[in-house]
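2 protein chains.
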Amino acid sequence: MSNAKVLPVLQPEAVVPCCPPLTAASLSEEDSVRMAAMFKALGDPVRLRLFSRVASHEGGEACVCDIQDVGVSQPTVSHHLKKLREAGLLTSERRGTWVYYRVEPSVLAAMAGMLAGAGR
Amino acid sequence: MSNAKVLPVLQPEAVVPCCPPLTAASLSEEDSVRMAAMFKALGDPVRLRLFSRVASHEGGEACVCDIQDVGVSQPTVSHHLKKLREAGLLTSERRGTWVYYRVEPSVLAAMAGMLAGAGR
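Residue numbers (this note's numbering), protein chains in the order written: chain A, 1 to 120; chain B, 1001 to 1120.
These are calculated hints, taken from the structure and not from any lab test. Heads up, some of the hints might be wrong.
[Claimed, not checked] Per the computed footprint, the stretches of chain B lying under chain A, defined by three or more beta-carbons under 8 Å from a beta-carbon of chain A, are:
(1) 1025-1036
(2) 1041-1054
(3) 1091-1099
Note that the Cβ used here is the ideal one computed from N, Cα and C, for glycine as well.
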């Protein structure tokens, strides 16, 4: 089987980014639960490094095989990538043997948008 | 004693924001530890709501008395505010009876800067 064959995209769990800048209004309880989960996903050093490997990889996409040398076991890498996917920060797609990860721009933009302008 | 008297500012623990956008380069281990601590501080719904209350309060500053109605006990509010202060996201200043909290712009700008442009 060719590695170039594109199989169906694995969808992340439904995450709809939200929320105006933090300076604009106090967050609702519901929105705070949703957005805190995204920040929490980046709140672990190994996850943040894995995420930065994907984000900085050529083409904004990386194979697990490209990014797993972060000093933890392969199952731990898989666990962290799953958490990032569940939080909506990464999307994944299997192509042949490997799974490729890509940053989800809308979620990142939502997080950056909340923080931007939050300091006055 | 007048409430208007300004007592010395309580310094947060030294936090020097860092790091280029996540698209630009893979994070070092050292930087990932530092930045993950900041994201982790916003990774709890109550802390995120408290933070949004400070950020959205008139003048970008809030007294504990203004923001503690988030549905948890006052000691829990204090605990979360301490975590936000330790992560460098808030600074605090005692004035008479009350402690006032303010968003630390440079740290927020560093976090937003890392995320901005991370989706391509």
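Tested hints:
no.	hint	result
1	1025-1036	holds (count 8)
2	1041-1054	holds (count 12)
3	1091-1099	violated (count 0)
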